[in-house]
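Q: Read off the chains here:
Protein chains: 2
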Amino acid sequence: MYTSKPATNVGRILLHRALQFRRERSSATSSNVRVVNDVRHIRGEYGRVTDAEVHHFQSLLGEPNVLTGAQNVGPYNVDYMKHTLGNSGLVLRPKTAKDVSDILKYCNDRRIAVCPQAGNTGISSGSVALFDEVVLSTERMNSIINFDPVSGVLVCEAGCVLESLMKHVEGHGYMMPLDLGSKGSCQIGGNVSTNAGGIRVIRYGTLQGCVLGLEAVTADGTILNCLNTMRKDNTGYHLKHLFIGSEGTLGIITKVAIMCPNLPKHVNVAFIGLDSYDKVLELFSIARAEFGETLSSFELIDNTAMTSVENKLHLSCPITNVHPFYILIELASSQPTVGKHMENILEKVLNDSIISDATTTDQISTIQKIWKVRETIIEALLKIGYVYSFDISLPLNRFYEIVELTREKLKGIEDVKTVCGFGHIGDGNLHLNVVTSRYDEELTRIIEPFVYEWTSKHRGSVSAEHGIGLSKTKYLEHTKSRSAVDLMRSLKNTMDPKCILNPYKVIPAVAVGEQ
Amino acid sequence: MYTSKPATNVGRILLHRALQFRRERSSATSSNVRVVNDVRHIRGEYGRVTDAEVHHFQSLLGEPNVLTGAQNVGPYNVDYMKHTLGNSGLVLRPKTAKDVSDILKYCNDRRIAVCPQAGNTGISSGSVALFDEVVLSTERMNSIINFDPVSGVLVCEAGCVLESLMKHVEGHGYMMPLDLGSKGSCQIGGNVSTNAGGIRVIRYGTLQGCVLGLEAVTADGTILNCLNTMRKDNTGYHLKHLFIGSEGTLGIITKVAIMCPNLPKHVNVAFIGLDSYDKVLELFSIARAEFGETLSSFELIDNTAMTSVENKLHLSCPITNVHPFYILIELASSQPTVGKHMENILEKVLNDSIISDATTTDQISTIQKIWKVRETIIEALLKIGYVYSFDISLPLNRFYEIVELTREKLKGIEDVKTVCGFGHIGDGNLHLNVVTSRYDEELTRIIEPFVYEWTSKHRGSVSAEHGIGLSKTKYLEHTKSRSAVDLMRSLKNTMDPKCILNPYKVIPAVAVGEQ
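Protein chains in written order, with full-length UniProt numbering: chain A, 1 to 515; chain B, 1 to 515.
In short, the hints are calculated from the structure, not lab data.
Where is the CB? At the ideal position from N, CA and C, for every residue including glycine.
There's no promise every hint is true.
Covered stretches of chain A, as calculated for chain B (at least 3 residues, CB under 8 Å) [as the list claims (entries may be wrong)]:
| # | region |
| --- | --- |
| 1 | 206-213 |
| 2 | 284-298 |
| 3 | 463-470 |
Straight-line distance between alpha carbons at most 20 Å, and here's what the computed SDA-like set of lysine to any residue pairs gives [what the hints assert, rightly or not]:
| # | chain 1 | residue 1 | chain 2 | residue 2 |
| --- | --- | --- | --- | --- |
| 4 | B | Lys-265 | A | Lys-98 |
| 5 | A | Lys-372 | A | Val-322 |
| 6 | A | Lys-105 | B | Arg-482 |
| 7 | A | Lys-340 | A | Gln-363 |
| 8 | B | Lys-340 | B | Glu-290 |
| 9 | A | Lys-340 | B | His-341 |
| 10 | A | Lys-105 | B | Ser-483 |
| 11 | B | Lys-265 | A | Glu-343 |
| 12 | B | Lys-98 | B | Leu-85 |
| 13 | B | Lys-417 | B | Arg-407 |
| 14 | A | Lys-98 | B | Ser-483 |
| 15 | A | Lys-265 | B | His-341 |
| 16 | A | Lys-265 | B | Pro-336 |
| 17 | B | Lys-265 | A | Pro-336 |
| 18 | B | Lys-372 | B | Leu-313 |
| 19 | A | Lys-265 | B | Glu-290 |
| 20 | A | Lys-348 | B | Lys-265 |
| 21 | B | Lys-105 | A | Arg-482 |
| 22 | B | Lys-417 | B | Asn-303 |
| 23 | B | Lys-340 | A | Gln-363 |
| 24 | A | Lys-265 | B | Glu-343 |
| 25 | B | Lys-265 | A | Ile-286 |
| 26 | A | Lys-82 | A | Pro-149 |
| 27 | B | Lys-348 | A | Pro-336 |
| 28 | A | Lys-340 | B | Lys-265 |
| 29 | B | Lys-265 | A | Lys-82 |
Quick partial rundown of chain A residues pointing at chain B, CB under 7 Å, derived from the structure [said to hold, decoys possible]:
| # | residue |
| --- | --- |
| 30 | Gly-184 |
| 31 | Tyr-237 |
| 32 | Asn-311 |
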């Protein structure tokens, strides 16, 4: 029933622009200085990889698991969005936590920087090297260790691909608590490291609540066993949370234990047209109160986004008339009455003029078609031009205002083709997009501070789902207080004093200065 | 509908024994050494409170908020279970985070130990002083700051009593995501500090998933603003988790933002008799698969526990015949069909001989009566004698085995009156209880290692809900690996280098040695 697919076209289109941008920049920087997203990074005083290192790792992992040479290393040096091109010359593919431990101990002793990489599907450039960090890929750590069909607890290695885990637990009547567009290639260790969200957070919560335990290897090679499989365990500090969402800067996750909900037996999806954002909010309040625990998605698409999908991908809007806003509601339940309940409520809100039009279905093929409209928006926008994409959280009463303000701000700039908004209203998570004919640095300097300062002013989050990675470090303090960032830095220094783990990312601790 | 009440009788009965035990011990220890639960504690080299401190705090907080003298301080020196009697001579009652900050800064500069205390309803002696720590009570920080009826997010001060928050959000059609027996006096800051569980974790998860943000004051007086109210925020390390469940040893929580689920419209409760634990497990699998998201409780009571409630509290078992095991199932939903669904499934499992008897109801008064049987078990056991109470998590296939093994182990010991088990099967959380006519140290030395070693062997948790506090420090490593405890200690040293926050608790960092 879940139809999302990796947006494979995204990368190719952007790669061209990123490479062009890199070339424009390269003449101005030496090999120890790189400018990415307006931030000047200086290579830390890390050890260099020589033949001795390569031979050491070959003896440790076997030759096929030590990749060198541009052709082999190349795919690991480009991020999913093709925004950042790494300069790593060495990729290591460990099989076990012991391998990871040996690698990190060796690198820590020699202060060699390490960039952990799972599925490499993040969009904040968090999982590619910036300079010559050693890439540590978790792709070979891909065994399912156990699934307990009574408790619904899955224990597996970090490199398991999300979709393969979905299939495994579905066979037992369970589902993974997260679902992402990139499920065909993202890995559960990367999902946990980035606290990945997705389209059903409103129902199943974030990974902070679903991950029961994990095993991680810290910078000095210590294998930290926190692989609890109990729902309740209040013994000491909840260390797993140091690794959930810290993007590999405090340790490398090697195993996870995750709690899976039961597969719902009955699913119903509605697609609804509304005349104003105020009415969207009214509908959301009613939907939460009426549908309660059965509400598994509440997604917004504005008319600009919808028109892009219709024009560029030739997909039909599920309802015929044009409306300023569309909402996709998904209900999933053990109770057979959800379809009838959806119909009753929609009829009521239609009579009360809260909504203008709606269609509802429990047919899998139609459900898939409706979801496709929601999930291909970025693909459609990329056919128009270069996409400045923002992934922000906002209080619901200010949720759409920033889209209108951005339109206003950019009015008259000829190169701006489209400004649109869509996203997970149920989670307060907006995807604001500005499409232009080409990447323009000057425009970046106008849009980014404008959007992030407004988000900060309204106590939102500058990164709802996708983390800070490399690309948002300069905006971290727009969401987090100075004392919070100081404590983050203190934790980093305690757990990784030589700063070998994913340097330059999240909270740049060394060797970074803004111009 | 929720009927639980603090078991007020528990304390009085145990106080007598605890005092007696303290007297037996006191002759063997100096004022700088105290023996609690078989662990010898030595007072840390902390500053002493003098008149100068008292005057300082009086000028800071106002005289009524600085309590001295045995009569005023007394109630703050006894824990809920009356197992530990503190020796604090000073209680401070700050009103704001700024007050807390000023207090901690002053104490940190002088290395004066501080024991944070919220509702003081924990059962691991985590919130009373051991020696002469200053008690910092959060009781005056009790304002509700905001409730957003669209998002369901509550922001309030740490000292708000859980029940008052329940009433507040219920007025908006929401509920608190946790419910505890002590709701009438426990405070939300204490709940979050101990990651409190309760009877509906199976449905709403732990506080790790429900708490969106918090404000805490760290040992040096820094006010850490992590009061995020967004469901999704992936900007840097998730610092809130350092304070959720760390029992006030890393900072004092002053405000919380918490996500509230919608109040269910339809509730149905069943009480069921079964012939074996294997059938309990069969029923649980069916209940999870059939009831899915509507399942809000799945509680076990063994016949010994039931008989105690019948005999000592004269409450009737909701079903007439005697069975080795009883299960309480609660369904709560937005859908009106849950009652019919419950009936259909019970009929099926009755026909399949999985269960032997059952009654089901959607009448509030009957639901309350059924819950009362479950919630008064400890009260009944205390009428029999002294209760050794274990709060452990176990894999479901070994869940009840430890009850039988404990019975076997203690067979023939005349003083043992009752061994019984009950608890939250849905969370793998067992309350194993051994009742004797009086406290016996020798018996403690037999039971505790036996239960905790078995729990450890089966990868369970020695404290499912109630934390480590003072009373379980010696068993921490039965659940947590050495490397995990080392990292906890390292975090403690980083965040509270003078170890002024709740010393002797959770991970004794200084001044503790076992004999």
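Q: Decide if the proposed pair is consistent with the structure: Lys-265(A) and Glu-343(B), CA atoms, cutoff 20 Å inclusive.
A: Judged against 20 Å, a Cα distance of about 18 Å means the pair holds.
Q: Starting from Lys-265(B), check that the Cα of Glu-343(A) is at most 20 Å away, please.
A: 18 Å, holds
Q: Against the 20 Å threshold, does the CA-CA distance of Lys-265(A) and Pro-336(B) hold or violate the hint?
A: 17 Å, holds
Q: Going by Cβ atoms only, is Asn-311(A) closer than 7 Å to chain B?
A: This interface hint is violated because 30 Å lies over the 7 Å limit.
Q: Take the C-alpha atoms of Lys-105(A) and Arg-482(B), compute the straight-line distance between them, and say whether it is at most 20 Å.
A: Holds - the C-alpha atoms of Arg-482(B) and Lys-105(A) are around 18 Å apart, at most 20 Å.
Q: Within 20 Å, alpha carbon to alpha carbon, are Lys-348(A) and Lys-265(B)?
A: Holds, because 18 Å separates the two Cα atoms, which is no more than 20 Å.
Q: Does the nearest C-beta of chain B fall within a distance shorter than 7 Å of the C-beta of Gly-184(A)?
A: 22 Å, violated
Q: For a C-alpha distance cap of 20 Å, please report whether Lys-265(A) and His-341(B) respect it.
A: Holds, because 13 Å separates the two Cα atoms, which is no more than 20 Å.
Q: Straight-line Cα separation of Lys-372(A) and Val-322(A) no greater than 20 Å?
A: Distance ~18 Å between Lys-372(A) and Val-322(A) Cα, so the pair holds.
Q: Given the hint that Lys-265(B) pairs with Lys-98(A), does the C-alpha gap stay at or below 20 Å?
A: 51 Å, violated
Q: Take the C-alpha atoms of Lys-340(A) and Gln-363(A), compute the straight-line distance between them, and say whether it is at most 20 Å.
A: 14 Å, holds
Q: How about the region 463-470 of chain A: do at least three of its residues have a C-beta closer than 8 Å to a C-beta of chain B?
A: holds (count 6)
Hint compliance for this structure: hints 4, 12, 23, 26, 29, 30 and 32 are broken, all remaining hints hold.
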